[in-house]
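These protein sequences, in sequence, are chains H and E. Heads up: the first sequence begins at 1 in this note's numbering, then just goes up one per residue. Heads up: the second sequence begins at 1001 in this note's numbering, then just goes up one per residue.
Calculated directly from the structure, the hints in this document are not laboratory data. Every residue gets a Cβ at the ideal spot worked out from N, C-alpha and C, and that includes glycine. Among the hints, erroneous ones may be present.
[Claimed, not checked] Computed far set for chain H versus chain E, every beta-carbon distance over 12 angstroms:
1) ASN20
2) GLU30
3) THR47
4) ASP56
5) LYS82
6) SER156
7) THR173
8) LEU180
9) LYS202
10) VAL221
[As the list claims (entries may be wrong)] Covered by chain E, per the in silico footprint, the following chain H stretches (three or more residues, Cβ under 8 angstroms):
11) 70-78
12) 86-92
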Amino acid sequence: MMSKLSLNNVAYKYEGTKKNVLKGVSATFEAGKIYAIVGKSGSGKSTLLSLIAGLDICTSGKILHDGEDLKTIDRDVYRAKKIGVIFQSFNLITNATAVQNIILSMNISGSPENDKKQFTYDLLQRIGIDRETAARKILKLSGGEQQRVGIARALSHNPNIIIADEPTGNLDTETEDDILKILTILAHDEGKCVIIVTHSKKVSSIADEIWGMKDGKITRV
Amino acid sequence: MYIIYNAFQNIGRNISRNILLASIVFAIIATTLVALMITNTSNRIIDEYKGQFGIEVTIERNTQTFVDMRQRGEASMGITITNEQYIAFADSNLLQRSVIMNGTLVYSETVTAIGQTGELTTGHGYAIAPTMQLQGNNWDDFKNGHRVLLPGGVMPSRINESIISEGLAELNGISVGDTIRLYGVVMEQAAAMGFVPAVYNLVITGIYFCVAESVSTWGSTTLIRQNEILTVAETMPGAQVIARYYLYHPSDLEAFEQELRVKGLHPIFDVNTDEHLYNAIVGPVEGMRGIVMTFMVVVFILGAIILILLSSIAIRERKYEIGVLRAMGMKKAKVALGLWFEMVIITAFCLIIGIFAGSLAAQPISNRLLVQQAENVQNIQDNLFVGRDLGSFSRVVNDDPIIEIPVSLGIYTLLQLILISLFLASLAAFAAISKITKYEPIKILMERN
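Could you put together the complete structure from these sequences and hints?
Next comes the structure, spelled out in structure tokens:
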């Protein structure tokens, strides 16, 4: 199985601080598996996720995507095409509709789809958003609906790596189950590498591998 | 392409904020358009005025300078400007045009001048006082409509042909084809020494009508315009040359004076322009142009500052949106381009409305400002009729101050406005762009979360 993402001795500290938030983190994430990164608040989970998502760069060490160091590649292109991020707080454009959010993401990634609108409706329907809901502004959607839109957006450009930060943190149990089912399908049926940062035991229960974070260090559980 | 599409959508999504931005842009554009329309039309009118009339130069003896120089032994009584000098002065690139004329004071035993009471008399040192003027090549009044040749006559083209005023013709029963005899003036002392007056036998080829009358008939009858008999310069070969020089612009005066000094003009002569006349006619337009331009600059600067501030504040509200776009992988340049497009679209919309509103407002504003400016130069206007000393030609300047200009929107103005608007849009967009490009997406999203 091809290695998708490798972290080699990654360290990170915030600008203007001396303390390393991440200390020599090394891990490998492969396609077709679900990875859960668990740990207490402040352990460095979200920071690690930001680095993997290409939203920031590590202070030392390397994060390799298909062998290429994120420090040397165009991280805008990496974010637009290679990975899909599902944020805990959704991070959608709130005064745009669900469809507009997803089409915009497709446009940014340079999606070759001819009929983006139809593709978006199909994608949203697949994760449980009907046409009427899809045409509503994000602010008019429930938390669960917003998270589904967030997932649809992460999938819209067909990335090989899906990163999810507490994807069910704001959701009810029923919706949580739906979301976890979707993530499982993405990894096991569609061969994507799914990395989930979570506190939830329920979420980590669907993972093929669980990594624990403590004081900026990572260990396989 | 999607960036433009997204820009359109963003404008609709943030409608309240964009209406506020658009209001300011509209105000600036409309004001700028009014200012540009008035300024460009004013420039055209001033240029036309210069092209049509030029700025007349006057060369006058300065008595005080003469006295001072005489006391120092640097000037003598006989200093004058020769006919050759007058002609040489006309050869200058600074002049829009020049008119070389000649003239002499005359009297007649058979032609009674208008305003002449009684018989010919002596006076002012003359053996016989002049009653009329004989002028050579003074055709300007016919070009600018101050005199009109009546039907049945032709302009003089040969020696000893002349035209007279309708008043003079009626008073003396003179018709086209008649011949009149005039005498040049001789000073008393010269007459005593045996000098005889020059005799001019003139065939009347036409009768002219004076559109512009003399201001008054007080004083010598030679100052009355209807007593001017017009002929070709060659009729009076020895007569005093009278030259009129017209500069392109009053600012050329100093350079022209230097030229004249080099050509031998004595320091006792002052070289001036009829700038007061120029100011009286064009002054209101120039004054209005100055006011409008100042107003435009103030509005533009204040508007631009407000726009920059508003744009900076607005972009802070959109910081999260920008963070999301950047997190999705949109490049900074594309984010910036999107913001620029938004501003350009808003500006284009304001441009259309602004052109409509500005075009409607320009004429009334221009009229109002011009009337105010015209009032300011009213005193100067009172002196528009310029009477001259004996021996020189009377002039009529009936060009009233310009109190209305037909303000219009031309292609040039439109292009200027589009460029200014584009600059404005770019300025506002740049203010926003410079703010957002400072932030990394992770920081924006973390702040919000």
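For each hint, the structure was consulted:
The claim that ASN20 (chain H) is not at the interface with chain E holds, since no C-beta of that chain comes within 12 angstroms of its own (minimum 17 angstroms). With 12 angstroms as the threshold on Cβ separation, the claim that GLU30 (chain H) sits away from chain E holds: the shortest Cβ distance comes to roughly 23 angstroms. A Cβ of chain E approaches the Cβ of THR47 (chain H) within 12 angstroms, the least distance being about 9 angstroms, so the stated non-interface status is violated. A beta-carbon of chain E comes within 12 angstroms of the beta-carbon of ASP56 (chain H); the shortest separation is about 5 angstroms.
LYS82 (chain H), annotated as away from the interface, has a beta carbon of chain E within 12 angstroms; the closest lies near 9 angstroms. Look at SER156 (chain H): its CB is around 10 angstroms from the nearest CB on chain E, not clear of 12 angstroms, so calling it non-interface is violated. The claim that THR173 (chain H) is not at the interface with chain E holds, since no C-beta of that chain comes within 12 angstroms of its own (minimum 23 angstroms). The claim that LEU180 (chain H) is not at the interface with chain E holds, since no C-beta of that chain comes within 12 angstroms of its own (minimum 22 angstroms).
No Cβ of chain E comes within 12 angstroms of the Cβ of LYS202 (chain H); the nearest lies about 22 angstroms off, and the non-interface call holds. Look at VAL221 (chain H): its CB is around 26 angstroms from the nearest CB on chain E, clear of 12 angstroms, so calling it non-interface holds up. Restraint check on the segment 70-78 of chain H versus chain E: 3 residues with Cβ-Cβ distances below 8 angstroms, three needed, restraint holds. Three residues within the 8 angstroms Cβ limit are the bar, and the segment 86-92 of chain H against chain E gives 5, so the coverage statement holds.
Checked against the numbered hints above, the structure violates hints 3, 4, 5 and 6; every other hint is satisfied.
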